[in-house]
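Number of protein chains: 2
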Amino acid sequence: MLVLSNEAIAGLISMRDCLEALEPMYRDLAAGRALLSPRVDNISPSAHPGAYYAFKHMGGTWPARGIQALRINSDVLTHPLVDGKPRRVKAPLAGGRWVGLVLLFSTETGALLAMFPDGVAQRLRVGATNGIALKHLAREDAKTLALVGSGWQAGAQLMAALAVRPFTRVQVYSPRAQRRDAFIAEARAAHPQVQIVAADSAERCVQGADVIMAATSSLVRVIEPAWLEPGVHVSCIKAQEVDQAVLDGCERVFVHARQQAKQIDHILPGTPNVSAEHGWWNAPGNRFDTYPDVGMLVTGTAPGRQRAGEITAFVNSVGLGLQFAAVGALILDKARAAGVGEQLPDDWFSEDVHP
Amino acid sequence: MLVLSNEAIAGLISMRDCLEALEPMYRDLAAGRALLSPRVDNISPSAHPGAYYAFKHMGGTWPARGIQALRINSDVLTHPLVDGKPRRVKAPLAGGRWVGLVLLFSTETGALLAMFPDGVAQRLRVGATNGIALKHLAREDAKTLALVGSGWQAGAQLMAALAVRPFTRVQVYSPRAQRRDAFIAEARAAHPQVQIVAADSAERCVQGADVIMAATSSLVRVIEPAWLEPGVHVSCIKAQEVDQAVLDGCERVFVHARQQAKQIDHILPGTPNVSAEHGWWNAPGNRFDTYPDVGMLVTGTAPGRQRAGEITAFVNSVGLGLQFAAVGALILDKARAAGVGEQLPDDWFSEDVHP
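Here the protein sequences come in this chain order: C and U. Per our numbering, the very first residue in the first sequence carries number 27; after that it's consecutive. Per our numbering, the very first residue in the second sequence carries number 27; after that it's consecutive.
Where hints are given, some of them may not hold.
Put simply, identical chains are the same to the list, so a pair is met inside one copy or across any two.
Said to hold, decoys possible - In silico lysine to aspartate or glutamate, EDC-like type, Cα no more than 20 Å apart, as pairs:
| no. | residue 1 | residue 2 |
| --- | --- | --- |
| 1 | 111 | 378 |
| 2 | 116 | 212 |
| 3 | 116 | 134 |
| 4 | 161 | 336 |
| 5 | 111 | 250 |
| 6 | 161 | 277 |
| 7 | 82 | 67 |
| 8 | 116 | 49 |
| 9 | 116 | 368 |
| 10 | 116 | 359 |
| 11 | 116 | 274 |
| 12 | 169 | 33 |
Hints are computed from structural coordinates only; laboratory data are not their basis.
Could you put together the complete structure from these sequences and hints?
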């Protein structure tokens, strides 16, 4: 059983690798050759004031690569106000660290093959999924990208966008000016061929943009319906960053996966501050369930952009355990080839009694 | 992060410990102070002839002990015929071993606290749950126990039965005579105060019994409705060991947990031999959803046995991740006190990026 670190994984796989790894998985999912298991959140009160404990897991079986993945998050969650808007912030209480894990099993033998923290893989798969949608939905001649957000996810969104379109200008907005400027400095170093500039409001950020990517932890919309110009593509990493009013202003909308449009929430009575995050799916007027998904997009069952003036959107709604099967299979191959990671005795993670 | 072996766990906890650990969990579940997550099975074809791959997981949050448990099974499953009847048999293909794991997390910090193979804990929790039901449903003066089955689970059923009633005689049947006789020899050594004898058919096994316990891997019923005598209590570890016809002959029936009456099955098209195991829940005439459960039994919301002549039954239907939270909390306490297990670096199972 191989234990890998985020650092090792970051050295093994690139955004382009992830884009290549995910697309065949979406094709198999669309064709009924891969299985999801539902995303389940167990939510209960925490001893920490205003916080709650959230245990989340989601699985995916991808027979083509012989991999079963399970992604687990064990978080103490808070909803602080930043710039007057509530955010979803995980408190690092596990020795000052967070707890997100991916487990990979063999569908041929059942064996636990690997475990690793989810951070690097999680960020790359979110970016790659938005990148795949962008490839099919943004204008071919898209040149200016508006990026709303400057956190951990925003960097991967930028990498994915640049991997599928030759953007020449990126406009970045975050309410945290210091964080935004640090992000821009890092992004300029990573992508020296692109002009990367700061915007001092979300509205100014999206002006003149061919593509708007939201990559925030906001629990309320960060894009206003009035901002949508003909031909723009809107992309987000959380359903809450846009709302039905924004999507109603778009002519062609895709979600991540129809089979997993909803998550299963189990919420213990008395848990504080949960409502802002959960229950979005059932909000009145929400038509989330009616949109086609990435599997339909990559197989052509539902076509991508048809006209230059069309307003398109992709909502990277509920994540899929299958993304971790696809990216995980790639990580495992590369780690084995490179001899990276801690090898633990397989007997610790198996047994000689019929369970 | 503590890694424990089945051998270590067997040395730490007893059946009586498990009976004590589980009952307060069922009270909390009944009172809305503990959370289940659904049992999910992902079923897909396997490269092994006639076999399929089954990935199963179920979670449970028990705030009273600050524990989130997740139990995972990663199995290649076969359905061989034994004595003409189909059985559910897991193939040990992970280096000759099986793969069942329990992960325990802290609901206070999110940290992964422990991992261990599920075998010993799984057997004890199944036994303890049937034992709790037996305590409330069998006659106080029960003296003769019929045990149908002589495998890994049967030993725990016997331990649980003897922990809650002073049985003086045990009649054991299994179609595998050699296995049955070996089981009886072991059982006599473990329980020298009890007369333990072989029966050469299931029908003869149940004759004169005050309690009938099935503990098999059968996918079809092993008890016939005509065998039920007034005053008997019927207990099983799999819903398929009894069927609606058997339950219709009982006056007072309990299931494990109404909140988890069904499992969620995701079955990939083309997977062989699955039907005998799955789909039981929706069989015509099945009234499984109408029975009260163990939480209601231990809190008195649904009363146990009311008359000596009543025929009662307990169907230990779908397992609960919460059983592993309860037994797991106990194992963790005892392992820490005894200094048992392999301590791995917590940093391997956490991360410094907000996932």
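Now for the hints, and whether the structure bears them out:
1. In this assembly of identical chains, the alpha carbons of residue 111 and residue 378 never lie at most 20 Å apart, being 53 Å within a copy and 25 Å across copies at closest.
2. For a Cα distance limit of 20 Å, the shortest separation of residue 116 from residue 212 qualifies neither inside one copy, at 24 Å, nor across copies, at 51 Å.
3. Taking the closest pair of Cα atoms, residue 116 and residue 134 come within 20 Å of each other only across two copies (13 Å); inside a single copy the shortest separation is 36 Å, beyond that limit.
4. Only within a single protomer do residue 161 and residue 336 lie at most 20 Å apart by alpha-carbon distance; the minimum there is 15 Å, versus 68 Å between protomers.
5. In this homomeric assembly, residue 111 and residue 250 come within 20 Å of each other (Cα to Cα) only inside a single copy, at 14 Å, whereas the closest approach across copies is 64 Å.
6. For the identical chains of this complex, residue 161 and residue 277 are intra-copy neighbours only, at 17 Å inside a copy versus 63 Å across copies, given an alpha-carbon limit of 20 Å.
7. In this homomeric assembly, residue 82 and residue 67 come within 20 Å of each other (Cα to Cα) both inside a single copy, at 4 Å, and across copies, at 17 Å.
8. Taking the shortest Cα distances, residue 116 and residue 49 never come within 20 Å of each other, neither inside one copy (30 Å) nor across copies (33 Å).
9. In the homo-oligomer, the alpha carbons of residue 116 and residue 368 never lie at most 20 Å apart, since the shortest distance is 28 Å inside one protomer and 29 Å across protomers.
10. Neither within a single protomer nor between protomers do residue 116 and residue 359 lie at most 20 Å apart by alpha-carbon distance, with minima of 31 Å and 27 Å respectively.
11. Neither within a single protomer nor between protomers do residue 116 and residue 274 lie at most 20 Å apart by alpha-carbon distance, with minima of 31 Å and 51 Å respectively.
12. Taking identical chains as interchangeable, the C-alpha atoms of residue 169 and residue 33 are never at most 20 Å apart, the minima being 32 Å within one chain and 63 Å between chains.
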